[in-house]
Amino acid sequence: MTYGKEERTGEEGTVLAAGCVLWRPALSGRGGIELALVHRPKWSDWSHPKGKLKRGETARDAALREVLEETGMTCALGAELPTAHYRDAQDRPKEVRYWAAEALSGTFVPNSEVSHLRWLSPDEARRLLTRERDAELVTDLLAALAAPRGRA
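If you use our numbering, the sequence shown closes out at 152, no skipped numbers anywhere.
Hints were generated in silico from the structure; no laboratory data involved.
The beta carbon of each residue, even a glycine, is placed where N, CA and C say it ideally should be.
Any given hint might turn out to be false.
Below, simulated DSSO-like cross-link-like pairs (lysine-lysine); rule was C-alpha separation at most 30 Å, straight line [stated by the list, open to error]: (1) K54 with K94; (2) K54 with K42; (3) K42 with K94.
Here are the in silico distance ranges between beta carbons for each label pair [said to hold, decoys possible]: (4) D91 with P148: 37 to 47 Å; (5) E132 with D91: 29 to 39 Å; (6) L27 with D91: 11 to 21 Å; (7) V109 with P148: 14 to 24 Å; (8) A26 with R55: 16 to 26 Å; (9) R30 with E136: 39 to 49 Å; (10) A89 with D61: 18 to 28 Å.
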């Protein structure tokens with residue numbers, strides 16, 4: 001995440017952020033997918049990788065950067081998922097744009113922002129996610145992946 005002067009804001013001071021619901025084919029060999037969730041010690045929560053846009057950065061570029069910074073993974077963006085709107089810890093309006101993203105390669109290394117990464121089934125991910133709005137994104141991802149190509 002980026003804080004301070006590099007932070008990009010939208011209209012009326014809305015904090016702009018972007019992230020991904022990161023997935024990969026399940027390693028079990030039995031089909032299905034696994035989702036990556038990150039644990040952020042600062043907030044003591046489990047969430048999808050995301051962070052604030054830097055000045056001059058597009059939401060898509062920020063989503064890719066945040067996934068790489070927080071998980072060590074490169075990914076391919078897929079369908080855009082619903083945008084989250086809420087108030088942040090400083091009571092500022094915040095808008096987070098999300099994409100489905102397939103993990104391509106990389107290795108997680110714990111860092112100052114993210115202490116743990118877990119790959120989980122969609123049902124396990126829904127149970128572990130701290131916020132309901134993040135759990136709803138799991139359903140949105142599954143719908144996007146099931147949609148005919150070109151429609152999601």
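Hints, verified against the model:
1. Between K54 and K94 the alpha-carbon distance is near 14 Å, which keeps this suggested pair within the 30 Å criterion.
2. Of the supplied pair hints, the one linking K54 and K42 holds, its CA atoms being roughly 20 Å apart against a limit of 30 Å.
3. The straight-line distance between the Cα atoms of K42 and K94 is roughly 18 Å, inside the 30 Å bound, and the hint therefore holds.
4. A beta carbon spacing of about 42 Å between D91 and P148 agrees with the range 37 to 47 Å that was offered as a hint.
5. Taking 29 to 39 Å as the suggested C-beta distance range, the pair E132 and D91 does not conform, at roughly 20 Å.
6. For L27 and D91, the hinted distance range of 11 to 21 Å is not satisfied, since their beta carbons lie about 41 Å from each other.
7. The hinted window of 14 to 24 Å between V109 and P148 is violated, with their beta carbons roughly 37 Å apart.
8. Between A26 and R55 the beta carbon distance is about 39 Å. The supplied range of 16 to 26 Å is therefore violated.
9. With their beta carbons about 26 Å apart, R30 and E136 fall outside the hinted range of 39 to 49 Å.
10. Distance hint check for A89 and D61: the Cβ-Cβ separation is about 25 Å, which falls inside the suggested range of 18 to 28 Å.
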